[in-house]
Amino acid sequence: MTAESWDDRRSGTAVSVGDQDARNRPEPTNWVAALATDGPEQAAALRELHALMIRAAGHQVWRMRASLPDPSPAAVDVIVNQAADEAMTALLGKLHTFEGRSRFTTWAFKFAILQAATEVRRLQWQHREVELRDLDVPSAPAHDSPELCAEGTDLAGAVADAMRRVLTPYQRRIAIALLVDGVPIDVLAARLGTNRGALYKTLHDVRVRLRAELIASGYLSPPRAGPRDAVSSDHRSRVSPNPTAGTS
Amino acid sequence: MSTTPQPRPPELQAVHVDALLQDTTPWLSCDECFERMDAYAEAAVRDPGNRDEAMATHLRGCAACDEEAQSLIQLLRGGGA
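Chains as they are written, first to last, in this note's numbering: chain A, 1 to 248; chain B, 1001 to 1081.
Since the hints were made in silico from the structure, they are not lab data.
Keep in mind that a hint or two might mislead.
Heads up, incomplete: computed chain B residues facing chain A, CB under 8 angstroms, no partners named [to be verified]: (1) Glu1011; (2) His1016; (3) Val1017; (4) Leu1020; (5) Leu1021; (6) Thr1024; (7) Asp1031; (8) Phe1034; (9) Ala1039; (10) Asn1050; (11) Cys1062; (12) Ala1064; (13) Glu1067; (14) Leu1072.
Far from chain B, some chain A residues (derived; all Cβ distances over 10 angstroms) [stated by the list, open to error]: (15) Ala34; (16) Pro73; (17) Arg103; (18) Gln126; (19) Ala216.
Bear in mind that the values here come from a model prediction, so they are computed numbers and not experimental data.
Glycine residues also receive a C-beta, built at the ideal position from the N, C-alpha and C atoms.
Generate the whole structure from the sequences, applying the supplied hints.
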């Protein structure tokens, strides 16, 4: 990512008077009350909220713009505005759940970030087929770049054997799609008519089963008693701190 | 005439093995992660050494949630927003 930001880009283009006004106006002190009560204060709060959503959605799309099929400014603006609108609808539907554990603006930002990221991933895969293949079916393009070479074929083989023994065909297919073939979790959820949470639960169950099997067969050390960091430190030394194969 | 079978490339590369064996216990759902993400991001901005083990574990295992959490932290820090 370059040092240039979404706001840098916006400042290089025409900024509407409405945007400038929105930046100069004070925020409502009580967002929930302002948004929930009919009247001029509500209208003003809605405008302020929409500006926040545009800002956060723009930030997110800008972060992920390299993966967009069309990263032109016009296309980005369309995605940002659409994501902001949809995020605003989602937020207003959950307004009653705001508990004040963070600033309201931070709480609002996350809705726009989620919506924008999901939309970028959808666009990235909209013309790509998602294959739900089992373990022994090779993927179409070979993933044999040097950095991906297996560090230990023994462990890789043991994991593959464990997958055949302790996972259901459905669990194997989900794990391979998400962790081997790199299908984004939102995209896979949409194609399967489910949601991110359900797929992540499947993935969690897969990992628990595989780890238990590999501990039983001596490939992984059993967890030690104590704080969580100590429990998982043995395997953590082998795994990437944040595997890109997770669910990008 | 016989042919020598070509060795099959390993089905699972190291990065895949790492992802498959990621320890995602204690369990935290994506919905719970989303609920906590705003407070988590603010805490991370206030104190980069702040530890929330359940969130950190989930974010190591879910790249989509992780991207969104890192994005929110960056936004709060003023980098890019």
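Hints, verified against the model:
{"no.": "1", "hint": "Glu1011", "verdict": "holds (5 angstroms)"}
{"no.": "2", "hint": "His1016", "verdict": "holds (5 angstroms)"}
{"no.": "3", "hint": "Val1017", "verdict": "holds (5 angstroms)"}
{"no.": "4", "hint": "Leu1020", "verdict": "holds (6 angstroms)"}
{"no.": "5", "hint": "Leu1021", "verdict": "holds (6 angstroms)"}
{"no.": "6", "hint": "Thr1024", "verdict": "holds (5 angstroms)"}
{"no.": "7", "hint": "Asp1031", "verdict": "holds (5 angstroms)"}
{"no.": "8", "hint": "Phe1034", "verdict": "holds (7 angstroms)"}
{"no.": "9", "hint": "Ala1039", "verdict": "holds (4 angstroms)"}
{"no.": "10", "hint": "Asn1050", "verdict": "violated (13 angstroms)"}
{"no.": "11", "hint": "Cys1062", "verdict": "holds (6 angstroms)"}
{"no.": "12", "hint": "Ala1064", "verdict": "holds (5 angstroms)"}
{"no.": "13", "hint": "Glu1067", "verdict": "holds (6 angstroms)"}
{"no.": "14", "hint": "Leu1072", "verdict": "holds (6 angstroms)"}
{"no.": "15", "hint": "Ala34", "verdict": "holds (19 angstroms)"}
{"no.": "16", "hint": "Pro73", "verdict": "holds (16 angstroms)"}
{"no.": "17", "hint": "Arg103", "verdict": "violated (7 angstroms)"}
{"no.": "18", "hint": "Gln126", "verdict": "holds (17 angstroms)"}
{"no.": "19", "hint": "Ala216", "verdict": "holds (14 angstroms)"}
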